[in-house]
Amino acid sequence: MSDPRASKLTPSLAQIEAANHLVEVLGEPAVSTATFRDNVRVYVNRERLILALDALRQSGFDLVELGCTDYLKYPATTGTGCRFEVHYALLNRNSTARLVVKVGVNDPDPTLPTTTTLWLGADWMEREVFDMYGIRFDGHPDLRRILMPEEFSAHPLRKDYPLRGRGERHNFPVLKRDQS
Amino acid sequence: MALEPVRPGTGPASVLSNDPKLWRAAGGYELPEGVQITTLDSAVNWCRKHSLWPMPFATACCGIELMSVGASRFDIARFGAEVMRFSPRQCDLMIVAGRVVMKMLPVLQRIWLQMPEPKWCISMGACACSGGIFDTYAVVQGIDRFMPVDVYIPGCPPRPEQILRALMDLQTKIQRGGGLTGMALPEQLAKEQMLEQVRGTAQGLELGKGAARGGEARFGYSLPGGEALLGSNEK
Numbered sequence: 001m002s003d004p005r006a007s008k009l010t011p012s013l014a015q016i017e018a019a020n021h022l023v024e025v026l027g028e029p030a031v032s033t034a035t036f037r038d039n040v041r042v043y044v045n046r047e048r049l050i051l052a053l054d055a056l057r058q059s060g061f062d063l064v065e066l067g068c069t070d071y072l073k074y075p076a077t078t079g080t081g082c083r084f085e086v087h088y089a090l091l092n093r094n095s096t097a098r099l100v101v102k103v104g105v106n107d108p109d110p111t112l113p114t115t116t117t118l119w120l121g122a123d124w125m126e127r128e129v130f131d132m133y134g135i136r137f138d139g140h141p142d143l144r145r146i147l148m149p150e151e152f153s154a155h156p157l158r159k160d161y162p163l164r165g166r167g168e169r170h171n172f173p174v175l176k177r178d179q180s
Numbered sequence: 001m002a003l004e005p006v007r008p009g010t011g012p013a014s015v016l017s018n019d020p021k022l023w024r025a026a027g028g029y030e031l032p033e034g035v036q037i038t039t040l041d042s043a044v045n046w047c048r049k050h051s052l053w054p055m056p057f058a059t060a061c062c063g064i065e066l067m068s069v070g071a072s073r074f075d076i077a078r079f080g081a082e083v084m085r086f087s088p089r090q091c092d093l094m095i096v097a098g099r100v101v102m103k104m105l106p107v108l109q110r111i112w113l114q115m116p117e118p119k120w121c122i123s124m125g126a127c128a129c130s131g132g133i134f135d136t137y138a139v140v141q142g143i144d145r146f147m148p149v150d151v152y153i154p155g156c157p158p159r160p161e162q163i164l165r166a167l168m169d170l171q172t173k174i175q176r177g178g179g180l181t182g183m184a185l186p187e188q189l190a191k192e193q194m195l196e197q198v199r200g201t202a203q204g205l206e207l208g209k210g211a212a213r214g215g216e217a218r219f220g221y222s223l224p225g226g227e228a229l230l231g232s233n234e235k
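As given, the protein sequences belong to chains L and C, one line each in that order. The numbers in the numbering used here rise by one with no breaks, and the one at position 174 of the first sequence is 174. The numbers in the numbering used here rise by one with no breaks, and the one at position 86 of the second sequence is 86.
The hints are simulated quantities; they were obtained by calculation from the structure and are not laboratory data. Some hints could be false.
[Said to hold, decoys possible] Cross-link-like lysine to aspartate or glutamate pairs, in silico, DMTMM-like; alpha carbons within 25 angstroms at most:
{"id": "1", "chain 1": "L", "residue 1": "LYS176", "chain 2": "C", "residue 2": "ASP92"}
{"id": "2", "chain 1": "L", "residue 1": "LYS176", "chain 2": "C", "residue 2": "GLU117"}
{"id": "3", "chain 1": "L", "residue 1": "LYS73", "chain 2": "L", "residue 2": "ASP160"}
{"id": "4", "chain 1": "L", "residue 1": "LYS159", "chain 2": "C", "residue 2": "ASP41"}
{"id": "5", "chain 1": "L", "residue 1": "LYS159", "chain 2": "L", "residue 2": "ASP70"}
{"id": "6", "chain 1": "C", "residue 1": "LYS103", "chain 2": "L", "residue 2": "GLU151"}
{"id": "7", "chain 1": "L", "residue 1": "LYS73", "chain 2": "L", "residue 2": "ASP109"}
{"id": "8", "chain 1": "C", "residue 1": "LYS103", "chain 2": "L", "residue 2": "ASP38"}
{"id": "9", "chain 1": "C", "residue 1": "LYS173", "chain 2": "C", "residue 2": "ASP92"}
{"id": "10", "chain 1": "L", "residue 1": "LYS176", "chain 2": "C", "residue 2": "ASP41"}
{"id": "11", "chain 1": "C", "residue 1": "LYS21", "chain 2": "C", "residue 2": "GLU33"}
{"id": "12", "chain 1": "L", "residue 1": "LYS176", "chain 2": "C", "residue 2": "ASP169"}
{"id": "13", "chain 1": "L", "residue 1": "LYS159", "chain 2": "L", "residue 2": "ASP109"}
{"id": "14", "chain 1": "C", "residue 1": "LYS103", "chain 2": "C", "residue 2": "ASP75"}
{"id": "15", "chain 1": "C", "residue 1": "LYS103", "chain 2": "L", "residue 2": "GLU128"}
{"id": "16", "chain 1": "C", "residue 1": "LYS103", "chain 2": "L", "residue 2": "ASP160"}
{"id": "17", "chain 1": "L", "residue 1": "LYS73", "chain 2": "C", "residue 2": "ASP41"}
{"id": "18", "chain 1": "C", "residue 1": "LYS173", "chain 2": "C", "residue 2": "GLU33"}
Everything numeric in this text was worked out from a predicted model, so none of it was measured.
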């Protein structure tokens with residue numbers, strides 16, 4: 001007996017076509033794909049990231065989300081086998097196809113090429129990934145912290161960073177009644 | 001009616017003439033009806049406590065309850081504190097309603113310093129008092145670690161009635177303590193001394209555990225879950 005929702009949770013034709021197109025552009029060995037329900041994920045190499053994203057952009061995809069995951073001590077093997085995975089969620093507004101492009105990046109000094117050359121909107125999202133995970137984006141016009149204070153030295157969403165921080169939240173002068 | 005010097009017990013029968021203390025305080029004059037004798041501090045405190053001008057420092061959902069207290073249903077105007085001003089220069093009561101993060105704390109301190117004396121502070125809600133559920137790297141675990149607080153309101157968020165209760169408590173406090181020149185509350189002094197002792201004790205001693213800058217125990221509070229651990233080592 002099949003799940004009545006199952007048909008709705010499979011990749012659409014447009015998604016599969018887009019993924020196949022990407023595989024054609026990059027060549028088979030450089031890319032792997034995975035699907036989960038109606039998500040299509042394409043893993044690419046760091047060297048071919050800009051090539052892949054540019055090909056998708058030219059076929060009508062726009063960047064809707066850019067984020068990162070730290071897979072430190074993650075029990076299952078991930079798509080890339082790297083510690084960090086940066087994902088670019090794309091949407092084609094003509095075909096309504098969605099595609100997630102993932103790229104792995106590793107310690108030390110994780111660095112990726114910037115995508116602000118393709119989409120200006122990636123600017124702040126890359127700053128956020130840099131702020132939270134410490135991944136540098138080469139060629140970014142203004143790679144500063146965006147959420148944490150400028151004097152903050154850690155990257156708090158890394159898995160080896162304590163949930164409560166290292167006391168940064170209490171490094172402030174104390175105002176007392178007789179001083180204020 | 002002209003004031004005539006009288007001696008206790010000799011004038012017209014009244015409370016004043018029968019009480020030698022009051023008689024002395026009045027300088028030996030019988031007072032006409034409707035005239036009271038009090039200290040200047042007491043009169044000034046009475047004026048102050050009924051004309052608090054709040055500075056709403058609302059950063060989260062507590063701010064919504066604060067707005068509701070200002071509206072007609074709960075009506076903070078009944079307690080003389082309805083004049084919310086968004087310039088700290090015009091305010092004497094700071095109500096910190098909501099969580100304060102690392103980036104916001106210097107702003108909060110600066111606004112507090114910009115308020116003219118005498119001034120008071122209400123820490124409203126679990127987040128402002130203790131960080132609440134946000135025990136994270138970025139949220140300050142209680143604003144009282146970095147600035148003086150007069151009244152704490154528990155709750156997440158507190159009911160509007162609790163805010164009115166806190167206001168009445170603060171009025172009591174203002175009436176009881178403080179003088180013309182500012183603040184001199186005995187419990188405040190005791191707390192300052194305790195914190196001074198905790199901060200001043202050398203490292204290695206029990207009191208001085210984590211006394212260095214950045215150590216969270218230096219404020220004399222214990223963390224509910226113990227000290228921070230490395231993420232991958234946490235149980």
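A quick look at each hint next to the structure:
| no. | hint | result |
| --- | --- | --- |
| 1 | LYS176(L) - ASP92(C) | 16 angstroms, holds |
| 2 | LYS176(L) - GLU117(C) | 13 angstroms, holds |
| 3 | LYS73(L) - ASP160(L) | 10 angstroms, holds |
| 4 | LYS159(L) - ASP41(C) | 57 angstroms, violated |
| 5 | LYS159(L) - ASP70(L) | 6 angstroms, holds |
| 6 | LYS103(C) - GLU151(L) | 10 angstroms, holds |
| 7 | LYS73(L) - ASP109(L) | 18 angstroms, holds |
| 8 | LYS103(C) - ASP38(L) | 40 angstroms, violated |
| 9 | LYS173(C) - ASP92(C) | 14 angstroms, holds |
| 10 | LYS176(L) - ASP41(C) | 23 angstroms, holds |
| 11 | LYS21(C) - GLU33(C) | 19 angstroms, holds |
| 12 | LYS176(L) - ASP169(C) | 21 angstroms, holds |
| 13 | LYS159(L) - ASP109(L) | 16 angstroms, holds |
| 14 | LYS103(C) - ASP75(C) | 33 angstroms, violated |
| 15 | LYS103(C) - GLU128(L) | 16 angstroms, holds |
| 16 | LYS103(C) - ASP160(L) | 23 angstroms, holds |
| 17 | LYS73(L) - ASP41(C) | 65 angstroms, violated |
| 18 | LYS173(C) - GLU33(C) | 30 angstroms, violated |
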